[in-house]
Amino acid sequence: MNVDKTILLLKQGKHISEDTVYSLCLKAQELLINEANVTHVDTPVTICGDIHGQLHDLLTLFDKSGGVEKSRYIFLGDFVDRGFYSLESFLLLLCYKLRYPDRISLIRGNHETRQITKVYGFYDEVMRKYGNSNVWRYCCEVFDYLSLGAIINNKIFCVHGGLSPDVDTIDEIRAIDRKQEVPHEGAMCDLLWSDPDEVETWSLSPRGAGFLFGENEVNKFLRTNDIELITRAHQLVMEGYKEMFNGGLVTVWSAPNYCYRCGNVAAVLRIEDDLSKNYTIFEAVQAQDGVGNAIIPTKKTQMDYFL
Amino acid sequence: MERIVQQTDLDALSCKMAAVSKGYLPSKELQENVCGFSDYKTIHLEYFKSIMKNLGRRAQGQINRSLQSSFPVMNYGTYLRTISIDMVLHDYISNHNDDGFIQIVNLGCGSDLRMIPLLSIYPNMSYIDIDYEPTIKLKGNLLGNSEFFGKVLPADRYRLLSCDLSKHDEVINLLKEVTDLTKPTIFITECALCYLKDDDAQLLINSLISTYRKAGLWISYDPIGGGGEGPDGKDDKNDRFGKIMQSNLRETRSLEMPTLLKYRNKDSYSSRFKQLPDVNIDVRIQNLWEYFTKNISDEEKQRLKGLQFLDEIEELQVMQSHYVLLSAQW
Ligand SMILES: C[S@@+](CC[C@H](N)C(=O)[O-])C[C@H]1O[C@@H](n2cnc3c(N)ncnc32)[C@H](O)[C@@H]1O
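So the protein sequences, as listed, match chains A and B.
The first sequence begins at 0 in numbering that gives the first Met the number 0 and counts up one residue at a time.
The second sequence begins at 0 in numbering that gives the first Met the number 0 and counts up one residue at a time.
Worth flagging that the hints you see were computed from the coordinates, not collected in a lab.
Bear in mind the structure is a predicted one, so any value in this text is a computation, not a measurement.
One thing to keep in mind: the hints can contain errors.
Here are the simulated BS3-like cross-link-like pairs (lysine-lysine), alpha carbons at most 30 Å apart as the crow flies [what the hints assert, rightly or not]:
| id | chain 1 | residue 1 | chain 2 | residue 2 |
| --- | --- | --- | --- | --- |
| 1 | B | K52 | A | K128 |
| 2 | A | K178 | B | K304 |
| 3 | B | K300 | A | K117 |
| 4 | B | K242 | A | K10 |
| 5 | B | K300 | A | K241 |
| 6 | B | K242 | A | K241 |
| 7 | B | K265 | A | K241 |
| 8 | A | K241 | B | K304 |
| 9 | A | K128 | A | K10 |
| 10 | B | K150 | B | K175 |
| 11 | A | K117 | B | K21 |
| 12 | B | K27 | B | K40 |
| 13 | A | K219 | A | K69 |
| 14 | B | K48 | A | K117 |
| 15 | B | K150 | B | K40 |
| 16 | A | K117 | B | K27 |
| 17 | A | K128 | A | K117 |
| 18 | B | K242 | A | K63 |
| 19 | B | K21 | A | K128 |
| 20 | A | K117 | B | K40 |
| 21 | B | K261 | B | K242 |
| 22 | B | K304 | A | K117 |
| 23 | B | K52 | B | K21 |
| 24 | B | K40 | B | K21 |
Let the sequences and hints guide you as you build the complete structure.
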């Protein structure tokens with residue numbers, strides 16, 4: 000398998016053979032197994048939120064933010080589900096990881112699990128594209144090895160969802176045995192599922208997994224771990240990003256016009272060497288035949304609207 | 000153009016079947032216990048089975064695929080749409096059922112089967128379904144040639160009428176023959192007004208309300224485009240939901256919703272029901288996200304959560320904020 004060639008094919012939305020996916024996933028696993036639960040990343044770095052299979056928007060994202068050949072990236076998870084190109088988006092990120100291991104960190108999102116991908120589209124997409132579920136299984140194996148968080152210059156903590164009542168220190172996250180399907184409760188689950196909200200203390204999440212946490216929990220976590228900021232994704236933000244709690248936490252969302260119908264813009268967050276923040280906002284490009292990064296989207300026959 | 004609009008009925012039906020097969024509908028708390036009708040699932044499966052036999056292989060395949068991979072956001076939405084209309088109906092009927100007679104007219108009825116539970120619980124109700132001729136013919140055949148529906152549907156109190164809703168005078172003339180103008184009358188437009196031209200819809204609303212001016216209720220469910228001037232007077236031009244919906248529907252199926260961006264918020268949508276100065280009318284409107292957060296009990300929400308994992312709560316909010324339920328009572 001030739002990584003550069005595969006990258007080229009993926010960028011054109013071309014079919015990747017089952018064998019290629021297999022060896023790609025195997026190599027990725029070998030690489031990811033050695034990464035820590037919380038990887039250390041240096042500035043400058045660009046933090047990206049949910050992608051959800053919107054491949055042409057992912058390509059726009061790289062365009063607008065310098066590209067992996069030049070810049071460092073952290074992806075906060077939710078690479079798959081909902082969009083038409085979950086497989087291609089995830090494989091492209093894996094290829095980049097293999098090709099530029101130090102320039103890209105992939106964090107696990109709550110959609111990177113067997114259970115959720117069966118409901119939200121990735122499984123169906125693979126069945127549609129390959130007629131069997133093998134490729135889905137290979138990818139799910141890789142999901143189990145993705146890290147749970149990242150820390151930038153020891154000052155900015157990155158995670159997909161948020162905090163957990165079972166976690167006070169980042170060291171406790173380092174101690175989790177992450178190589179498994181995401182459990183239904185406990186620290187690992189919460190990190191991938193929780194949401195910030197205007198609450199006094201830990202509260203029940205409307206999602207049915209994870210918790211809601213408020214300014215108090217955030218301040219305590221920042222203090223205890225001597226950090227300045229939590230960056231996370233997980234929630235659709237119409238403006239692309241949202242800072243909360245006096246700047247102690249930020250949500251970054253990187254899937255513009257989510258599900259091809261929400262009408263939101265997307266953002267990525269660049270952290271400079273002095274830890275200053277720069278947001279880049281981008282919109283969905285109309286997919287067009289043969290223009291730029293454009294890929295012809297499969298027309299969706301799915302019922303998208305209530306008619 | 001007409002065919003494209005008629006086909007939307009299959010979307011509504013597929014959505015409903017998905018919600019039924021995943022257990023969203025019927026709701027024990029809100030449907031079965033309220034009305035005491037327990038065959039909801041059976042009648043839907045029965046109807047669905049026979050309509051599928053009438054479709055081509057491609058349409059069948061499409062429907063089956065969409066049933067298999069129905070997203071929770073969609074099932075929640077179908078649930079909310081169905082339940083909210085049922086609740087308004089039952090509230091009104093239970094308050095206006097003293098003299099024993101009530102009539103319901105479902106405009107753009109499609110494959111909706113609401114009449115079956117309603118007619119079976121209320122012995123003094125008459126029910127009229129109106130849609131385009133092909134839709135009505137098909138529905139008539141499916142119901143008429145079935146032993147099962149012969150038993151559950153009281154034919155003497157149920158009528159299927161073909162008519163183009165954009166011809167309001169024809170609608171009125173047809174209805175005059177089979178209804179009692181002095182009795183309380185309920186009109187339902189569930190995703191029907193949105194397919195009409197602005198003027199046609201307005202004439203339909205005005206003429207029906209004035210013809211049945213004695214007492215009545217209009218229940219309407221439709222998408223609203225959002226954006227433009229927000230409901231609180233604030234400019235909400237960042238909201239592009241309606242624009243995107245319009246272009247998606249155009250591109251993927253050449254479907255038009257002429258008033259989506261005109262009646263883009265709750266106020267402007269309601270204004271269509273306040274055009275008659277001499278009719279005293281009480282108009283209420285909620286978007287379906289408000290309905291979900293305020294009108295659905297915690298137990299019911301808990302039940303829904305157990306059916307499928309709803310991860311996409313923000314998306315649900317975006318979608319449901321762009322659908323409204325209006326009830327106008329006069
Ligand atoms: C999306 S379906 C909704 C069906 C049903 N009300 C429901 O919610 O399940 C819209 C229906 O309205 C009907 N319709 C739309 N415009 C119409 C018109 N001008 N005259 C008659 N029927 C119309 C269509 O044929 C179709 O059956």
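Task: Broken hints, by number - done: 13
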